[in-house]
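A.B. asks: Now for the letters of each chain:
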Amino acid sequence: DGGITQSPKYLFRKEGQNVTLSCEQNLNHDAMYWYRQDPGQGLRLIYYSQIVNDFQKGDIAEGYSVSREKKESFPLTVTSAQKNPTAFYLCASSDGYNQPQHFGDGTRLSIL
Amino acid sequence: AQSVAQPEDQVNVAEGNPLTVKCTYSVSGNPYLFWYVQYPNRGLQFLLKYITGDNLVKGSYGFEAEFNKSQTSFHLKKPSALVSDSALYFCAVRPREDSNYQLIWGAGTKLIIKP
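Respectively, the protein sequence lines represent chains A and B.
Quick note: the first sequence uses our numbering, first residue 1, plus one each step.
Quick note: the second sequence uses our numbering, first residue 1, plus one each step.
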């Protein structure tokens with residue numbers, strides 16, 4: 001089945017540590033996105049990429065970094081500069097201006 | 001600034017009754033419109049979209065949405081609610097004139113269906 005796989009499902013970060021969240025899709029979509037969701041809140045865009053080797057900052061990019069070396073992969077690194085990283089992180093992909101975004105099942109990141 | 005509003009944080013409906021989750025938008029032109037549902041600790045699932053044509057759009061799980069251009073609204077509806085419809089619902093909009101695929105998201109509405 002085609003879809004988006006996020007791993008791990010749960011992740012814990014120590015003080016001063018960088019952590020990387022994985023996102024892989026086999027839908028052959030050009031565009032991929034990372035969102036942050038805080039309890040009781042909507043989605044905020046961190047980074048997005050419309051094509052391999054290119055990505056753009058979203059609304060809350062500070063303290064995060066991404067890469068897009070392959071079409072199917074869009075990993076997100078939460079750096080130590082992100083002082084409040086505890087949240088639910090969602091990866092999505094889409095193909096076409098009028099097509100919906102498809103989401104993974106998320107990674108929940110917590111501070112140790 | 002372009003925005004999407006979901007004016008109700010929570011909607012409570014008795015099982016078997018019709019439900020409506022409201023969405024209005026402030027976006028230039030005629031945008032593409034989407035509804036998604038999120039169950040606890042899961043990603044969002046696409047329900048339906050409006051691109052063009054008939055103002056009443058049918059989607060998954062018996063949901064439908066009505067596009068109203070004059071009121072810039074895209075309310076989600078279902079004739080008879082199920083307890084299993086209890087979830088968080090998001091409305092999203094993409095301006096047709098934008099050169100990227102980004103969506104403008106509403107804050108979400110928690111739908112609670114009581115037996």
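Heads up, some of the hints might be wrong.
[What the hints assert, rightly or not] A partial selection of chain B residues facing chain A, derived with a Cβ cut-off under 8 Å:
#1 V13
#2 K49
#3 F90
Bear in mind the hints are in silico, worked out from the structure with no lab data behind them.
From a predicted model like this one, the values you see are computed outputs, not experimental measurements.
Yeah, the Cβ is synthetic: ideal placement off N, Cα and C, and Gly gets one too.
A.B. asks: Compare the structure with each hint and give your call.
C.D. replies: Hints, one by one, checked against the model:
1. V13: violated, 20 Å
2. K49: holds, 6 Å
3. F90: Hint holds; B/F90 Cβ to chain A Cβ min 7 Å, cut 8 Å.
Hint violations for this structure: number 1 only, all remaining hints satisfied.
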